[in-house]
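Peer 1: Chain order of the listed sequences is A and B.
Under our numbering, think of the first position of the first sequence as 1, with each following residue one higher.
Under our numbering, think of the first position of the second sequence as 1, with each following residue one higher.
These are calculated hints, taken from the structure and not from any lab test.
Given the structure is predicted, the values throughout are model-derived calculations rather than measurements.
Yeah, the Cβ is synthetic: ideal placement off N, Cα and C, and Gly gets one too.
There could be a bad hint or two in this list.
One side of the interface only, derived from the structure: several residues of chain B facing chain A at Cβ under 7 Å [said to hold, decoys possible]: (1) S58; (2) A67; (3) G69; (4) S71; (5) V72; (6) I73; (7) T79; (8) V82; (9) D83; (10) Y84; (11) P85; (12) V171.
Derived Cβ-Cβ restraints for the label pairs, each shown as a range [claimed, not checked]: (13) A308/A to T79/B: 26 to 34 Å; (14) A132/B to Q199/A: 58 to 66 Å; (15) V142/B to R313/A: 44 to 52 Å.
Short, incomplete list of chain B residues facing chain A, as computed with Cβ under 8 Å [claimed, not checked]: (16) Q45; (17) Q59; (18) V62; (19) N63; (20) L66; (21) R68; (22) A87; (23) Y151.
Each chain, letter by letter, is given below.
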Amino acid sequence: MASSRHSLPAGAGAARGEADTPSSHVMRFGLDQPLRLDSGQSIAPLQIAYQTYGTLNADRSNAILVCHALTGDQHVASDNPVTGKPGWWETVVGPGKPIDTDRFFVVCSNVVGGCMGSTGPASTNPATGQPFGLDLPLITIPDMVRAQAMLVDALGIDQLFCVAGGSMGGMQVLQWSVAYPERVFTALPIATGPRHSSQNIAFHEVGRQAIMADPDWRGGRYLAEGTSPRKGLAVARMAAHITYMSDEGLHRKFGRALQDRERVAFGFDADFQVESYLRHQGLSFVERFDANSYLYVTRAMDYFDIAADYGGRLANAFRGSRTRFCVASFTSDWLFPTIESKTVVRALNASGASVSFVEIETDRGHDAFLLDEPVLFATIRGFLTSAAAARWG
Amino acid sequence: MTPIDIHSRADVKRIDLLVIAGLVAPGSRVLDVGCGDGELLALLQKERRVEGRGIELSQAGVNESLARGLSVIQGDADTDLVDYPDACFDYVILSDTIQAMVRPKQVLTEMLRIGRKAIVSFPNFGHWTVRASLGFKGRMPVTENLPYSWYDTPNIHFCTLRDFTGLCGEVGAKIETPIVLDAGGRRMTSAPWWFWNLLGQQAVFLLSR
């Protein structure tokens, strides 16, 4: 691991470096092991950046694959090398935590199409020596999962004790359980759904259009041309961020409170705290994320629809599954509302699979799966502990 | 089928759960509707090696069930049973819950659709103490078995043994085994229905379509 990178100042420069030479483990697959994509194209060579926590046991049966959400990365339980902030799921993954690294071996990889060291649009195309940009083929959720399976194979793991994740990570969990049912002992999809809804696709399109409307996007060639569509990416993030919260949660946090002033300024500065908050979210996101990656990964979510491959019948996707599922949703999540989780639960019931389901009461919206939610922690801990008892007695 | 000695099980507080467990064939598929903290499902898994599933409304119940290693779905039996396919369970159990259902008739119908057999246990509202409370004191009964006041009770559809057998007739359920327990939790031997309805405190019915 290139630990020296941790001392670099946070910022776009550090983020740029992570795309090719990440501060984490890297698995490389040569031309003889191409990643075959749903689009019919393939990627070779392929690079997958990943982190591990805990120790793999002798019979390699205690591995938990954690799948990250849209703009997450492999740094699930250790400091992020770009932002210097704690890992995105430090509340859940670690020694004595609900996903206990004293007991389990946790693997988390950056998705293909990402920008933190797995092959993505910001990676250097070995054929040209230039960043891929839009020359990278379109990636789907099944493609991401196929790449993860290559990594899991390379680590010598036949069956994962659990595949866990929220939002886009939850889509990957569902995809794993359908594509490799015998390799997934338990599955923990959180705040997710079996397909991306029309409304969700619509929000993603707003984000993509904001990026592509930025003159600095340069048809996706901004890295080669030395520009950056910062404004477009920040707007995309601001729009998306609203969908991660709830009206109630926003109101509790900000209400109509003004930012550093006594009264409105009769202008377009950030008068309200909520505006200032969103601007900050947008700007800090630009420092750590690649605009083209945002296009690719949002598109992957848009295309996701498990039932489509099974004649529109979701239950058929899970037929004969021996995997133990635990599905969780949040009451105030309007990006992946409870009804989406219930669709999955209903299908699992219809296919006779073992499934548990919890709807967690919170006003913090979709983002709740990343926050301090004791009921979620208790659910994860209880589910994994009992599954471990079933697995090892 | 080995019977379960219901008087040697100090670990299980509710006698009706042991009676129910005694009715379930080993190795069968069971759905427990309103499974609470999963006590019955855990008992059935241990004693009968069943493949168990549960539905429970309360978050606390679901979490306790999960911690026991049970497969439990948070949901409302009044609305969610429609999601299950026909005949997907050997037994569908409703223990001490039918009186809290908004639509008990519909729930019973769904139970008989998705299970080959249904088991229902409930407190007998026809018990003489209940009749006495209403008849002599003129007040809704508050007892050890029915501990709620009328205004905050989750129990909205109490029934007597007679009422329940009437409902069974309406939905076409065949009563295979009626078991009635007296105030001491002892199984009452054969007696006329009026006697059961007066002295039975708790009933457990094994039903089939």
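Peer 1: If you take the shortest Cβ to Cβ gap from L66/B to chain A, is it below 8 Å?
Peer 2: It holds, given that the least Cβ distance between L66/B and chain A is near 4 Å, below 8 Å.
Peer 1: May I ask you to test the interface hint for N63/B with respect to chain A, counting a Cβ-Cβ separation under 8 Å as satisfied?
Peer 2: 5 Å, holds
Peer 1: Hey, does the V62/B contact hint survive, CB to chain A under 8 Å?
Peer 2: Result: holds, 5 Å to nearest chain A Cβ.
Peer 1: Please verify that hint: D83/B, Cβ, nearest Cβ of chain A, below 7 Å or not.
Peer 2: Since the shortest Cβ distance to chain A is 4 Å, the answer is holds.
Peer 1: With a cut-off of 7 Å, does the beta carbon of P85/B approach a beta carbon of chain A closely enough for the hint to hold?
Peer 2: 5 Å, holds
Peer 1: Classify the hint on S58/B as holds or violated, based on whether any CB of chain A lies nearer than 7 Å to its CB.
Peer 2: 11 Å, violated
Peer 1: Does the interface hint hold: is V82/B within less than 7 Å of chain A, judged Cβ to Cβ?
Peer 2: 9 Å, violated
Peer 1: A closest beta-carbon separation below 7 Å is what the hint needs, so does V171/B meet it against chain A?
Peer 2: Because about 23 Å separates V171/B from the closest Cβ in chain A, which is outside the 7 Å limit, the hint is violated.
Peer 1: Minimum Cβ distance from Q59/B to chain A below 8 Å?
Peer 2: 6 Å, holds
Peer 1: Identify whether the interface hint at Q45/B stands, where standing means a beta carbon of chain A within less than 8 Å of its own.
Peer 2: With a closest approach of 10 Å, the Q45/B hint is violated.
Peer 1: Do the Cβ positions of V142/B and R313/A conform to the proposed distance bound of 44 to 52 Å?
Peer 2: 50 Å, holds
Peer 1: Measuring from beta carbon to beta carbon, are A132/B and Q199/A in 58 to 66 Å?
Peer 2: Hint holds: Cβ distance 59 Å, inside 58 to 66 Å.
In this structure, the hints that do not hold are numbers 1, 7, 8, 12, 16, 22 and 23, in rising order.
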